[in-house]
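Asks: Residue numbers (the working numbering), protein chains in the order written: chain Z, 1 to 301; chain U, 1 to 411.
Heads up, a few of these hints could be off.
[Unchecked claim] Here are the simulated BS3-like pairs of lysine-lysine, each with C-alpha atoms no more than 30 Å apart in a straight line:
{"#": "1", "chain 1": "Z", "residue 1": "294", "chain 2": "Z", "residue 2": "200"}
{"#": "2", "chain 1": "U", "residue 1": "97", "chain 2": "Z", "residue 2": "132"}
{"#": "3", "chain 1": "U", "residue 1": "202", "chain 2": "U", "residue 2": "336"}
{"#": "4", "chain 1": "U", "residue 1": "162", "chain 2": "U", "residue 2": "97"}
{"#": "5", "chain 1": "U", "residue 1": "202", "chain 2": "Z", "residue 2": "132"}
{"#": "6", "chain 1": "U", "residue 1": "93", "chain 2": "U", "residue 2": "140"}
{"#": "7", "chain 1": "Z", "residue 1": "132", "chain 2": "U", "residue 2": "162"}
{"#": "8", "chain 1": "U", "residue 1": "97", "chain 2": "U", "residue 2": "336"}
{"#": "9", "chain 1": "Z", "residue 1": "109", "chain 2": "Z", "residue 2": "200"}
Hints in this document: simulated from the structure, not taken from any laboratory.
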Amino acid sequence: MLNRLSTFLYLRPKLVLALLLLPPLIWFLVVYIGSLFTMLVNSFFYLDGFTGQVVREFTLKTYAKLLIPANVQIFARTTSMAVAVTLMSIVLAFPLAYYMARFASARMKTFLYLAVTLPLWSSYVVRVYSWKLILAQEGIISWFARLVHLDGLLNWYLSLPVVGGPSLSVSATGIFLVFVYIWLPYMIIPIQTALERVPKSLIEASSDLGATPVQTFRTVILPLAFPGVIAGSIFTFSLTLGDFIVPSLFGNSSFYIGKAVLTYQGTSGNIPLAAAFTMGPIIIMSIYLLVARKLGAFDAL
Amino acid sequence: MKSRFVFSLLAVLVLTSLLLSACGGAVTEAPVATESPATEAPAATEAPATEAPASMEGEGEVAIVAWPAYIERGANDPAYDWVTAFETETGCKVTVKEAATSDEMVALMTAGGYDLVTASGDASLRLVYGGTVQEIDISKIPSYSNVDPRLQDAPWHTVDGKHYGVPYQWGPNVLMYNTEVFPEAPTSWSVVFEETTLPDGKSNKDRVQGYSGPIYIADAALYLKARNPELGITDPYELTEEQFNAALDLLRQQRELAPKYWGDYLLQIEDFTSEGFVASSSWPLQVNLLQADGQPIASVVPEEGATGWADTTMMSAAAPHPTCAYLWLEHSIDPKVQGDVASWFGSAPAVPAACGGASELLGTEGCAANGFDTFDQIYFWKTPIADCGNGDTSCVTYDRWTEEFTAIVGQ
């Protein structure tokens with residue numbers, strides 16, 4: 001019986017392929033595309049303000065609401081935060097990844113690898129909460145600043161517009177710091193993987209041909225590691241775009257896309273507006289990926 | 001601790017609802033509510049949908065959407081438990097889904113699957129007109145006559161003489177303040193609305209908060225009612241365009257002073273312990289918890305009066321467990337239960353008998369301490385609708401409240 005089945009399948013390789021691909025395809029189509037599609041459909045409905053019920057009639061007025069200044073500002077704020085977090089993550093991650101990939105001994109590398117991934121083992125929410133203790137007005141940072149008599153500097157920084165606020169935790173800087181902390185591992189690991197794949201011989205050849213270390217870095221290492229940077233930035237950028245926990249716990253009640261979606265969907269039941277809002281990050285991510293492709297980030301794939 | 005998981009719960013909820021909606025017909029238990037057209041008058045809702053079961057034999061469970069700390073089973077403090085006894089007595093297992101805002105409650109009830117909701121006045125009429133909740137047959141609730149006469153026929157749950165719920169608890173949105181900064185209680189809400197120098201010599205900028213919900217616009221309107229009589233505000237929930245805009249201007253002014261608005265009561269407690277906030281609109285619950293923690297905190301109802309909530313336990317039009325729901329409704333107005341809830345949450349009971357010592361936890365002084373006598377000073381939350389109550393139908397409706405509030409506070 002089993003023999004006959006295996007013969008049967010052996011003679012029809014296409015069937016085998018179809019059977020193997022079916023589960024992931026169904027998953028992809030139903031769960032992934034399906035939910036996106038439902039969202040798209042919902043974004044063309046609207047909410048009856050008084051009863052709180054969704055009216056299932058085609059309308060564009062939900063999208064029109066996205067364009068009011070307050071909402072445009074939410075998009076702008078979230079995108080610039082995502083860009084800032086991504087750039088900072090690259091700046092912090094690259095040297096460490098470079099060290100891990102090129103200089104660290106095997107044992108050191110294991111240790112660093114573990115150190116980078118260790119935070120991912122514990123709950124995200126718990127780690128975010130622990131930052132409240134660090135950033136609070138009476139938290140560790142301001143305590144330390146007072147101790148070394150730098151509280152004047154801290155207060156000056158907090159008095160700045162946009163980045164400042166009454167305390168680090170109630171400011172955009174607080175959100176920024178926590179985001180960078182949370183997403184950094186997602187940047188380090190892809191860069192490190194990319195750097196490891198840069199052949200040593202190329203670097204040696206570069207210096208044999210008279211390139212200075214800076215030139216080698218700029219013209220050989222960086223272009224080859226670029227796909228890793230882009231891969232990491234896709235993580236940090238998209239995760240920041242959608243996150244709602246950090247802006248709820250930190251910052252000055254300003255809305256970010258994720259929090260706006262949560263407020264509209266979770267608390268006001270305004271699923272159409274929430275769905276329309278979600279289209280925002282999808283469009284922003286598409287633009288981002290297109291730009292990344294233009295920059296040649298996917299050439300190596 | 002609970003609310004630390006609220007976010008992840010919500011995330012799961014969002015995902016699940018996406019999955020369910022993606023699978024189309026999968027949501028078989030979805031409420032009937034969505035079928036009744038939104039515009040239909042509440043009268044259209046069927047009379048008490050469920051005929052009285054002869055034997056009052058429960059279905060074994062009841063699912064309730066409630067405000068945080070409203071339904072306790074002794075998990076936080078073994079003395080505060082008004083669920084376990086009910087479960088043993090009736091065999092109805094109680095599950096509670098906490099919701100932090102009225103909008104969230106409406107959303108949860110519209111999504112369906114729950115029997116009861118402890119709706120505040122700003123949610124109750126929306127639930128009634130949306131056809132989400134059903135009429136309550138008060139003859140099946142023997143203790144209904146014990147309910148405070150001031151609440152028995154209150155307009156936020158009684159429509160056209162029909163009852164859509166059983167009063168649960170009520171209380172004011174108090175002005176909570178730090179007693180080290182205010183040696184004497186502030187007498188006006190101006191400390192959170194206008195830039196002033198507080199008794200400790202420092203400005204109130206960055207040290208005050210407001211409540212993060214659209215209904216908070218009413219707090220601004222209430223302050224203007226006293227401060228700016230020429231606006232002619234009579235009811236902070238019935239605002240003409242001009243009055244509404246004045247309230248929004250006041251909120252914009254407050255936004256400059258208030259770096260953040262509170263939505264989660266546990267986060268507000270943290271803000272007052274470690275973020276240097278000294279005055280805010282708040283619930284008595286936070287005041288109780290902060291005082292129990294030894295913090296220098298007190299509260300007051302200022303001279304302008306206060307907004308407040310009067311909550312009603314309402315029953316879903318598609319309640320899966322109606323018998324257990326009726327049993328809970330009866331249980332919920334038991335004087336001891338009422339007293340225990342009032343003591344835990346810092347609210348006032350809906351049953352006056354609870355004040356006479358029926359609950360050891362509340363004692364005989366508790367009612368006065370929780371504002372039982374301030375009823376007349378409180379403007380209870382209710383849904384802002386176009387009808388201004390005087391024949392004029394140009395008042396600003398709730399969806400505008402939501403949008404404008406989000407635009408101001410979300411910036």
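Asks: A separate judgement is required for each hint: does it hold in the structure or not?
Replies: Each hint, compared with the structure:
no.	hint	in the structure
1	294(Z) / 200(Z)	27 Å, holds
2	97(U) / 132(Z)	27 Å, holds
3	202(U) / 336(U)	45 Å, violated
4	162(U) / 97(U)	27 Å, holds
5	202(U) / 132(Z)	25 Å, holds
6	93(U) / 140(U)	20 Å, holds
7	132(Z) / 162(U)	49 Å, violated
8	97(U) / 336(U)	23 Å, holds
9	109(Z) / 200(Z)	18 Å, holds
The structure does not agree with the numbered hints 3 and 7 stated previously, though it agrees with the rest.
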